[in-house]
Amino acid sequence: MGNSGDQIQSDRAASQDVSRDAFDERPRGQTFVVDIDGFEGPLDLLLALARDHKLDLAKLSILDLARQYLDFIEQARNLRLEVAADYLVMAAWLAFLKSKLLLPAEEGEDEPTGEELAAQLAFRLKRLEAMRDAGARLLNRDRLGRDFFARGMPEGIRLVRQSEYEANVYDLLRAYANQRQRTAIDTIHFAARPVWSIQEARERLEAILGASLEWAPIDALIAQFLTTPELRRTALASSFGASLEMAREGMAELRQEKAFATLLIRQRGAEPAN
Numbered sequence: 002m003g004n005s006g007d008q009i010q011s012d013r014a015a016s017q018d019v020s021r022d023a024f025d026e027r028p029r030g031q032t033f034v035v036d037i038d039g040f041e042g043p044l045d046l047l048l049a050l051a052r053d054h055k056l057d058l059a060k061l062s063i064l065d066l067a068r069q070y071l072d073f074i075e076q077a078r079n080l081r082l083e084v085a086a087d088y089l090v091m092a093a094w095l096a097f098l099k100s101k102l103l104l105p106a107e108e109g110e111d112e113p114t115g116e117e118l119a120a121q122l123a124f125r126l127k128r129l130e131a132m133r134d135a136g137a138r139l140l141n142r143d144r145l146g147r148d149f150f151a152r153g154m155p156e157g158i159r160l161v162r163q164s165e166y167e168a169n170v171y172d173l174l175r176a177y178a179n180q181r182q183r184t185a186i187d188t189i190h191f192a193a194r195p196v197w198s199i200q201e202a203r204e205r206l207e208a209i210l211g212a213s214l215e216w217a218p219i220d221a222l223i224a225q226f227l228t229t230p231e232l233r234r235t236a237l238a239s240s241f242g243a244s245l246e247m248a249r250e251g252m253a254e255l256r257q258e259k260a261f262a263t264l265l266i267r268q269r270g271a272e273p274a275n
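To convert, count from 1 in the sequence shown and add 1; that's our numbering.
By construction, these hints were calculated from the structure, which means they are not laboratory data. Be a bit skeptical, because a hint or two may be false.
Claimed, not checked - Just the calculated beta-carbon pair ranges, DEER-fashion: (1) F226 / F191: 20 to 26 Å; (2) P218 / R183: 50 to 56 Å; (3) Q225 / A248: 19 to 25 Å; (4) D220 / Y177: 52 to 58 Å; (5) Y177 / P218: 58 to 64 Å; (6) Q121 / G157: 52 to 58 Å; (7) G157 / R181: 40 to 46 Å; (8) A178 / A224: 50 to 56 Å; (9) E215 / F191: 37 to 43 Å; (10) Q121 / D148: 38 to 44 Å.
Just so you know, even glycine gets a beta-carbon here, dropped at the ideal spot from N, CA and C.
Sequences and hints are given; from them, build the entire structure.
Now the structure itself:
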């Protein structure tokens, strides 16, 4: 333990260059110090000490940092300043950590080793440094009303939309075919065909047979009414039906020499002239 005490004393003697100007600026008569030299807490003070001595947090020597912190707290007490309790707790914890780093570890000890505690402290310092850097970047950004100002009457936002189509040859052909089908479809109108009813055909046959006593082909009798090919088909069919009705009722006679021969018709009871 004598060697450890000599080491601590030599470390303190080597760190006498810590500045005391910060304490000289404090008002006289101040007895309770919560914010030491503008630091927000023990970790903040540790980080500031590491920066002042240009220590790399990735290669931080916890022994050197603990020595600087203890010297700082000792100087604060020498200047008759009451240090806040959390700073004193950190000082006691750093003294404990320094002793664990200097003394060999006991076998079977369940508590964290000095290296583990030092790694945890280094991680907390890195995290605090990252938080402070992020806060500084946020505060240094331009502020509305200080660095830039809002317009009194902002302009409306004009939206510009631009369509982009992605398609292959098959998609283009299918779209073209669908468009052609939509434009090609139209309403179909069927013209009503002229139709002779059986009643109309019978009236015409009765009028014609009344003026003729000879056998005559049916198509020859109605030839004057067959003006179009469409009308010929319906006129012949209706006239044939009407002639069958007239023959059944005894008003006309029908004659056909052979199968598929011309169908002849005359008024019943009419005798040919000599």
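Outcome of the hint check:
1. F226 / F191: 20 to 26 Å: Holds: the Cβ-Cβ distance is about 24 Å, inside 20 to 26 Å.
2. P218 / R183: 50 to 56 Å: For R183 against P218, whose Cβ atoms are near 54 Å apart, the range 50 to 56 Å holds.
3. Q225 / A248: 19 to 25 Å: About 23 Å separates the Cβ atoms of Q225 and A248, which means 19 to 25 Å holds.
4. D220 / Y177: 52 to 58 Å: holds (54 Å)
5. Y177 / P218: 58 to 64 Å: This hint holds: roughly 59 Å between Cβ atoms.
6. Q121 / G157: 52 to 58 Å: Holds, since Q121 and G157 (Cβ atoms, about 56 Å apart) stay within the stated range.
7. G157 / R181: 40 to 46 Å: Roughly 42 Å apart at Cβ, these two residues keep to the hinted range, so it holds.
8. A178 / A224: 50 to 56 Å: holds (52 Å)
9. E215 / F191: 37 to 43 Å: The hint (37 to 43 Å, Cβ to Cβ) holds, given that E215 and F191 are roughly 42 Å apart.
10. Q121 / D148: 38 to 44 Å: Holds: the Cβ-Cβ distance is about 40 Å, inside 38 to 44 Å.
Of the numbered hints given earlier, the model fails none.
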